[in-house]
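Taking the hints into account, I'd like the entire structure generated from these sequences.
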Amino acid sequence: MLAVGLLIPILIGINAHRTTERMVSQNRLLIHTHLVLQKTQQIQAHLTNLDNDLRGYLLSQNNPFFKADYDRNVRQMAGFLKNIAALTVDNPAQQQRLRTISQLFEQKLAHGNILFTKRSPQEGLARLDSVRTFMGFSDQLFHQLKTIEAVENELLTVRATASEQSATYATRSSIAGAVAALAIILWAIFRLLKTLNNATRLNRQLAQNEQQLKRFLEAVPVSIVVVNKDGDLYYANQAAATMFEAITKLNTYADILKQITIYQFPNGNPYPTEKRPAFRAMKGETSQVDDIEVRIGDKAIQILSSSSPVYDAEGMLQYVVSSSIDISDRVQSQLRLQEAKELAEQAARIKENFLANMSHEIRTPLNAVIGFSNLLEVTPLNEEQAEFVKLVQTAGKNLLTIVNDILDISKIEAGMIQMESIPFSIRSLVASLQTMLQPTAADKNLKLVFDVDPTLPPLVLGDPTRLTQILLNLLSNAIKFTKEGSITAQITRQEETEQSVRVQFKVTDTGIGIEADALPHIFERFRQASNFTTRYYGGTGLGLNIVKSLTQIQGGWITVTSKPGKGSEFTLEIPYQIAPESVRKGIDPDLTKTNAVKKSLTILAVEDNLMNQKLVLQVIKRLGYKAELAENGQQALDMLQKESFDLILMDIQMPVMDGYQTTRHIRTTLQSNIPIIAMTAHALASEREQCLQAGMNDFLPKPFQMEDLQRMIQHYGFPNGEQAPVVETSRPVHSIDSTSFSVEPLLNSVGNDAELAMELLEIYLDKTPDEIKQLQQALSDGDVKAIGRTLHTQKAPAMMMGLEEATELNLKIEALVKADKDITAVAPLLEQYITVVEAGLPAIHTALQNGTNQD
Numbered sequence: 001m002l003a004v005g006l007l008i009p010i011l012i013g014i015n016a017h018r019t020t021e022r023m024v025s026q027n028r029l030l031i032h033t034h035l036v037l038q039k040t041q042q043i044q045a046h047l048t049n050l051d052n053d054l055r056g057y058l059l060s061q062n063n064p065f066f067k068a069d070y071d072r073n074v075r076q077m078a079g080f081l082k083n084i085a086a087l088t089v090d091n092p093a094q095q096q097r098l099r100t101i102s103q104l105f106e107q108k109l110a111h112g113n114i115l116f117t118k119r120s121p122q123e124g125l126a127r128l129d130s131v132r133t134f135m136g137f138s139d140q141l142f143h144q145l146k147t148i149e150a151v152e153n154e155l156l157t158v159r160a161t162a163s164e165q166s167a168t169y170a171t172r173s174s175i176a177g178a179v180a181a182l183a184i185i186l187w188a189i190f191r192l193l194k195t196l197n198n199a200t201r202l203n204r205q206l207a208q209n210e211q212q213l214k215r216f217l218e219a220v221p222v223s224i225v226v227v228n229k230d231g232d233l234y235y236a237n238q239a240a241a242t243m244f245e246a247i248t249k250l251n252t253y254a255d256i257l258k259q260i261t262i263y264q265f266p267n268g269n270p271y272p273t274e275k276r277p278a279f280r281a282m283k284g285e286t287s288q289v290d291d292i293e294v295r296i297g298d299k300a301i302q303i304l305s306s307s308s309p310v311y312d313a314e315g316m317l318q319y320v321v322s323s324s325i326d327i328s329d330r331v332q333s334q335l336r337l338q339e340a341k342e343l344a345e346q347a348a349r350i351k352e353n354f355l356a357n358m359s360h361e362i363r364t365p366l367n368a369v370i371g372f373s374n375l376l377e378v379t380p381l382n383e384e385q386a387e388f389v390k391l392v393q394t395a396g397k398n399l400l401t402i403v404n405d406i407l408d409i410s411k412i413e414a415g416m417i418q419m420e421s422i423p424f425s426i427r428s429l430v431a432s433l434q435t436m437l438q439p440t441a442a443d444k445n446l447k448l449v450f451d452v453d454p455t456l457p458p459l460v461l462g463d464p465t466r467l468t469q470i471l472l473n474l475l476s477n478a479i480k481f482t483k484e485g486s487i488t489a490q491i492t493r494q495e496e497t498e499q500s501v502r503v504q505f506k507v508t509d510t511g512i513g514i515e516a517d518a519l520p521h522i523f524e525r526f527r528q529a530s531n532f533t534t535r536y537y538g539g540t541g542l543g544l545n546i547v548k549s550l551t552q553i554q555g556g557w558i559t560v561t562s563k564p565g566k567g568s569e570f571t572l573e574i575p576y577q578i579a580p581e582s583v584r585k586g587i588d589p590d591l592t593k594t595n596a597v598k599k600s601l602t603i604l605a606v607e608d609n610l611m612n613q614k615l616v617l618q619v620i621k622r623l624g625y626k627a628e629l630a631e632n633g634q635q636a637l638d639m640l641q642k643e644s645f646d647l648i649l650m651d652i653q654m655p656v657m658d659g660y661q662t663t664r665h666i667r668t669t670l671q672s673n674i675p676i677i678a679m680t681a682h683a684l685a686s687e688r689e690q691c692l693q694a695g696m697n698d699f700l701p702k703p704f705q706m707e708d709l710q711r712m713i714q715h716y717g718f719p720n721g722e723q724a725p726v727v728e729t730s731r732p733v734h735s736i737d738s739t740s741f742s743v744e745p746l747l748n749s750v751g752n753d754a755e756l757a758m759e760l761l762e763i764y765l766d767k768t769p770d771e772i773k774q775l776q777q778a779l780s781d782g783d784v785k786a787i788g789r790t791l792h793t794q795k796a797p798a799m800m801m802g803l804e805e806a807t808e809l810n811l812k813i814e815a816l817v818k819a820d821k822d823i824t825a826v827a828p829l830l831e832q833y834i835t836v837v838e839a840g841l842p843a844i845h846t847a848l849q850n851g852t853n854q855d
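Numbers 1 to 855, taken from the numbering used here, label the letters of the sequence shown in order.
These are computed hints drawn from the structure, not numbers from a lab. A portion of the hints provided could be inaccurate.
Said to hold, decoys possible - No more than 30 Å apart at the CA atoms, straight line, and that leaves these computed lysine-lysine pairs for DSSO-like:
#1 Lys299 - Lys214
#2 Lys566 - Lys480
#3 Lys566 - Lys483
#4 Lys67 - Lys146
Right, here's the structure in full:
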C-alpha cells in the first residue's frame, strides 16, 4: 500500500507535467501555423505589389520609383519564401509546393527583368504577350499559395481542436489529482496512527530478536564482526574468531588493526585506511572489496570483505557490520586462469596477425601472377606457351582459393562473419551457378542437372553471397570428385509460413564417394576422405568446414550420406524470411525464357566525370546494350520520369544531387525497384554498407574491369536466368608504351580497346592541367573541401591508368580531408601530388602520340 501511496502522487505529477507540455506543444503548433499563414499572406501581398509595380512602370513610361519598389518587393518576397521553407521543413508536401513556387517566382522575375529593360526590343503585341505571361505566373503562384494556405488552415483547425481538448483534459485531470491527493493524505494519517500503535509492541520484541539473531549468526560459516559507532568491538561470531584467532579478546577496532595487518593484493602495499570497507562504513557507505590480504603472524590469507552501516530509527549510525570470506583458493585459481587466458589471447593475436600478413604477402604477388598471366593469354603464343599460361592461371586461382578459405576460417573463428539480409531470388542465384559451372562439367562430359521447386517464394531475405559460396563449394567438389555420370542439385521448399520458409538444398553426385569411417569427420578442418584424395585431387580440406559453419551461422544444418564408388549426397536446410510485398512489387519471376532470350537492356549511367562517362558508355555498348547518360542525380530523376530503363549505374559523389540522395528518391518518391549498382572509387566496406543502406543493390569499385561489369549486368539485368549477350572482350592490341608510363592498366579497364584508350588519354591530358590549377588555387585559398572535391574527380582516372604513386597520394590526402584536417596537414602531400601528376603528363602525352601513330 505504501508503494501505491507513493506512486499516485508521482503519477499525478507526471500527468500534470505531460498535460502542461501537451498544451504548450499544441499552442506552439498553433503559433507555428499562424506564422505560416501570415507569411503566405505577406507573399500574396508582395506578389500583387510586383504586378502593380510592373503596370505602373510601363504606364508611367519607365518611372524609376516603380522599379525600385519592384526590387524591394522581390527581396522581401524571397525572404518570406525562405521563412516559409524553414517553417514547413517537416512537411514534404508543402516543401514540394514551395519548390514549385520558387521555380515559378524565378521564371516570373526573368520575364519581369526583360520588361524592365530600357528600350526593350519587344514592342506592341509581343510586349503585351510578355506582360500577359508575367501576369500568368502570378496566377500560378496565387494558386500554389492558396493551396498552401488551405492546407495550413486545415492544420490550424485540427490543432485548435487538439488544444481545446488538452485544456479540457488538464482541468479534469487536475480535479482527479486533487481528489487522489486528498485520499492519499487521509490514508497516510491512518497509517501513521497505526504505526505508532505498533511501535511499542515492536520495541518489546526487539530484545528477543537480537538474541535470536546472534544465535543465527553463530551458525553462519562466514566471518561476521560488528563494531559500534565508537569503534568498540560489539560482536564477533565463531567464524570470525577462527579466521582471525584472538579477535574476541580485543576490545576496540584500533586494537584489531594493531593485531592484524592489512595489505593490498597482489602488490603487497599497505591497504589505505580510507579505502577499507569498515572505515567507509563508519562514514555511512556500504562497500565490498576482494583485494585485501590479511597477515596474522606468518599466516597470509586473501579475503572478500564487505561492510555496511546500521542506523537507528532516527537515522543515526549505531553499528558497522563487516563480513569476510576466505577466497585464497579462488584467487589462486583466477590467477592461473588469467595467465592461461592471456597466453591464449596472445596466441590468437599472433595467429591473426600472421594470417593477415601472410594473406597480404601472398595475395599481392599472387594477383600479379594471375594478372600478368591474363595479359599473356591475349598475346601471340604458340601451343606449348598457351598451355603453360593456362597452367599458371589454374595454379594461381587454386592458391587464391586456398588463401580465401584460410581467411574465411579465421573470420568464423573470430566471430567476424556478418550475414546480410537483402532480398534475392533463389532461382536467379541457381541459374547463375548453372551458367558458371556448366562449362566445367561439360569439359568432363558430366551431366549437370538443376531441379528447382517452382513453388519457392519469388524473393527471400538473406545473404546471397554466402549461399552462393556454400552451393559453389558443394557443386565444385561434386564435379571435381566425379569422373563420369551426373551431378544433380535439387532445391525444394520444406516448411513455409506467412513470413518465413525453410529451403532444402540437396547436391547428389555419382563420384568416388566417401568411406564410412571418414563420414563423421568430413566437416572437420583439414580433413578429406583419404590421403589418396589429398594427393590425387588436391585441396586443403577447409571447404566443407566453411560450408558447415556458414550454414549453421544462418540457422541451418547440413548432413552427408555416401557410398564408396557410388557417390555422395549433401543435404542442407537454411531458413529465410520471405521478402515483403513492397520489395516483390514490380518483379515477375515467372517470365519465360522464350520471351527473355533476346532481351535487350537499356542502361542509365549516372556519372559526372567526362573520362568516366566516355569509358562507361563505350564499355556498355561493347557489351551489347543500349546506354543513356545523366550527368547528375537530378538529371537522372528527370530521365527516369520520361523513359524506362532496366538498370542504373550510379556514381556516388556528383554535383546537384549525389548518388545516395538520388537512390533514396528513386526508392521512396518514385517507388521504383529498378536495380541500382554503385560505381565509386571508395573501395571500403563502410562505403559498400552505406550504398546498400541507401537502397542500392550492389557495389562496383572503380576502376572496374569489363568482365566485372558484365557479371553485374548478367546478375541484375537478367534476374530470371536468361543468358546475357556473349561479348568477346579481348581484341588485337597495339604495343603502346613509353619509358615511364604504361597503358596496360587502362587497356585492361577498357577490354583492350586501343582506340578508346587513346581517347581517354586525350581527355585526361585535356582536363588535368585545369584541375591542377584548381588544386593550386584551393591550396592558396586554404580551401580543404575544394581540394577534396577535385581529388575525388581525379582518383578514378589515376587508378584506371595505373598511376600508383599519384593514387596513393590521392588516397592519403582524401583521408586527411575526411578527418577534417586543416590546410597545414594537407599542403605537403598536395604539393607532392601536384609534382607527381605534372611530371607524368609528358610520358602520357608520348604514349598518346605513339598510339596515334600506330593507328
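Structure-based check of each hint:
Between Lys299 and Lys214 the CA atoms are separated by roughly 29 Å; this keeps the pair inside 30 Å, and the hint holds. Only pairs whose Cα atoms come within 30 Å are accepted, and Lys566 paired with Lys480 is accepted, the gap being roughly 15 Å. The suggested pairing of Lys566 with Lys483 holds, with an alpha-carbon distance near 11 Å, which does not exceed 30 Å. Simply put, Lys67 and Lys146 have alpha-carbon atoms about 27 Å apart, close enough for the 30 Å limit, and the pair holds.
Every hint, counting from the list given before, is met by this structure.
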